[in-house]
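Each protein sequence line maps, in turn, to chains A and B.
Per this note's numbering, residue 1 is the first one in the first sequence, and the count goes up by one each step.
Per this note's numbering, residue 1001 is the first one in the second sequence, and the count goes up by one each step.
Keep in mind the hints are simulated off the structure, nothing from the lab.
Distance condition first, Cα-Cα at most 25 Å in a straight line; then the derived DSS-like pairs of lysine-lysine: (1) B:K1203 / B:K1349; (2) B:K1025 / A:K506; (3) A:K509 / B:K1017; (4) B:K1006 / A:K507; (5) B:K1069 / B:K1017; (6) B:K1018 / A:K506.
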Amino acid sequence: MPNQEIKTEMKEIPIAYELAKRQKDISVAEFFTKNRHLLGFDNKRKALLMAVKEAVDNSLDACEEARVLPEINVEIIQMAEFKYKVIVEDNGPGIVKKQIPNIFAKLLYGSKFHTMKQSRGQQGIGISAAVLYAQLTTGRTAKITSRVSKKEPAFYYELNIDTQNNKPVIAKEETVEWAKENGTKVEIDLEAEYAKGVQSVDEYLKQTAVINPHVTIIYTNPKSEQVIYARATDKLPDEPKEIKPHPYGIELGMLMDKLRWTEARTLQSFLASEFSRVGSGTAKEICEHAAILPNTKPADVSRDMAEKLLQGIQLTKIISPPTDCLSPIGKELFEKGLRKEIRAEFYCVISRPPAVYRGNPFIIEAAVAFGGEIPKEDKANILRFANRVPLLYQEGGCAMTKAIMETNWKPYGLQQSSDSIPVGPVVIVVHMSSVWVPFTSESKEAIAHYVEIIKEIKLALQECGRLLGTYVRKKYRISEQIERANMFEKYIPEIAESLSILSNEKKEKIMQGLQKMLVKPEIKKEIIEEDSDDKLYKMDFKKENEESRQKTS
Amino acid sequence: MKNQDKKPVKELEEFGKKLVIEIEKGINPTIEFSLRTLSNVIYDTKTKTLGLGEKQQKRTFFNVGHAKKFMQTLEIAKVSKSLLDVQKHGSLRDVFYMAKRTIPNSNINIVDEQVESDNAIEDLELITNCSREQLNINANKMGSVAGSVLIEDAGDTINWAKLGSGGWSIPSNVEKIDFKSVKAKYIIYMEKQAVWERLHEDKFWEKQNCIIVTSQGQTTRGIRRLLQRLNEEYKLPIYVLADFDGWGFYIYSVLKFGSISLAHMSEELAIPDAKFLGITADDAIDYDLKKHFIKLKDVDNSRLKQIADYDWFKKNKEWQRQFKMMKDFGAKLEIQALSSKGITFISDKYLPEKIKKGEFLD
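Isolated chain A, as found in the complex:
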């Protein structure tokens, strides 16, 4: 330390100036080059999944925005031990020529970041991150073909990213012949590894098909095996709309930001114009509850006043945010999607009414599939979805998993040790639709633990659980009934034999008499009697049979 002091004295220039020479902008692209795990490209297997996922997510979003029934072709080709080519082709609206380089080769470029609207992509990082990763691992360009209509030619680009300046570098640009009238094709070469199993591309596409019953996916894996996930419905999901934030749950910092930048001249008009579900009447009420004059200039609202305003918002009754901004799958289609990919004997789907966290409306849908071909002794299989995208990684850190573990499944006929995933032949599905899904990281793998979200998931799971419990109990009762009938059937010859010896009557005659009673419903209606040492069960075949008949019809 004294040494340094001498140095400073000698030069008479503070060291900070020297240091300042080395301080400069870090390019976003450069940052992600060094932190690729933040985007989910942390290992070869996951990189392959991420590349496919980002391309497919983009395709689906584009198709839906254009109101086209998506048909996605996914092909993965192995080129060397750890080198793969990923090709994703859609029948979407295509991308205008000018935008192609920016969309695929510039990070944080997109249309969705600034809107409050439900979509798969949010930040505009995904596909360009895949292109960047490909470039870093193979040095190869991303090859994009896109066409917007049959009146225009198809454009072909080979793109790189200038990581210093986060700008696209066009390696090749030409018009090409393409059989498709509109659509986009992405081709990326990257270092990767292919495997089947829990967190594989195969599983991702299968789950995508479950949660998007209107989508057809044709998938060819590196082993040249082709799987076609055919659509189960021709109905596109409702088009999500943009909305403004809802006052409930907005945070202080965000509120102060909004106050600073608004064009509104009074607090009242600020509230009415910047928030959904707030008219001038509600705005006035908020001001009254906050004890702030409605004609206060937004810019004059201090930190303390903003805090009062927040309290005022909480004291005011405001209707829930509009839900037409959300596009849940809906009970019917959700069940269709489940039925086509999961072979179970019982399905139930619950759609919760919209709720709000941090001013963002969201809807939780949950489903349970039970029995059938689902393994009996394993832990429940959990499928997590956010805005129709499967979440395959970080199950343990996800709000959905937490809600599942905190739900008591025992009353619903499953085994469960406290606060853990239940065990039994069951698939538990949770889907969150929101204008802004709070992921724990940019790789979009787990949902943050918001109290409001966990509460909604639990309510949905409990509703599913009650239906499941009813089914499991009924199933158990019916199998018990059959067992009982079998028991009587086995006892009858023994009883007949004994009675025949005691009474000298023919055994066959006694047997027939008893068997006749076994099918007669009256005899099966047993009354509970008081008995000292026998445990009695109520038997009610007739009613049970009626119930099961209703179920099947």
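Fit chain B to the known structure of chain A by using the hints.
Frame of chain A, contents of chain B only:
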């Protein structure tokens, strides 16, 4: 005699026919008989014996909780009938094995444990109003007797005084025994085989001109009936020698009043004349046995409480005094504690003294 032999067969046939008629009519076949639990046991203050009350239990076939017991009951009835048909006797164990088999195409056994067939036999006694022995089912022989008595059994003449160190073992059915000569003046019934052997070795029965009888643990029906016959036919007083604990008291209770599970048989088994000789709480003090006390465990305490609450002990001040003293001691005593005074103390001093003084609990 002949009529008596036919009764059980007739009862079993009627039992079967009733059920067959119900089946023909499409009625759920139902067996009805008296409930055999404490709640239906009534202490008759006149006869001073236990009897069954009015409560009935129903056992129906088409009832999940009943079906198996229903089947077991019929199975045992069948076994009994087949024994009667060939005029042979089976032991409780024999009957268990005759009933124990697996129902075809299932993994269900008709009976799994002997207690199931034993229970079915006791039920059948109530259903047919015939004793186990009448149904040609015998219990195991368990117990010994010695004394100046001459009997005839199955054509053989037997002298209870001349049967070596083991004595005569008492069969389960004593109905057909003829007493030829009974010289003894009273009977001592003891809980412990070891004590009987002590008295037998000391020729106590010869010196005191009495009969000594033991069972092992709970008194078998054969012994109870034998004691009852000697008491009724020869007016011999019966003194019970048992441990000073809940189980010892119950052995006395069963002999005198009848047992809870066989309350329907009290008429043929209970001996209201029986008296409790010892070991009493007073003996513990008089004979200075306190140093051999065994501390009461929870199970001892709860048994003691149960017994003190039985109707037939409830109003007996003398017995309640005994129970209270045991509770105050917090301890029990074994008969063998007397051996601490010398190996022959029991036969030389304790018993003669007690009998002479007439110190009995009634």
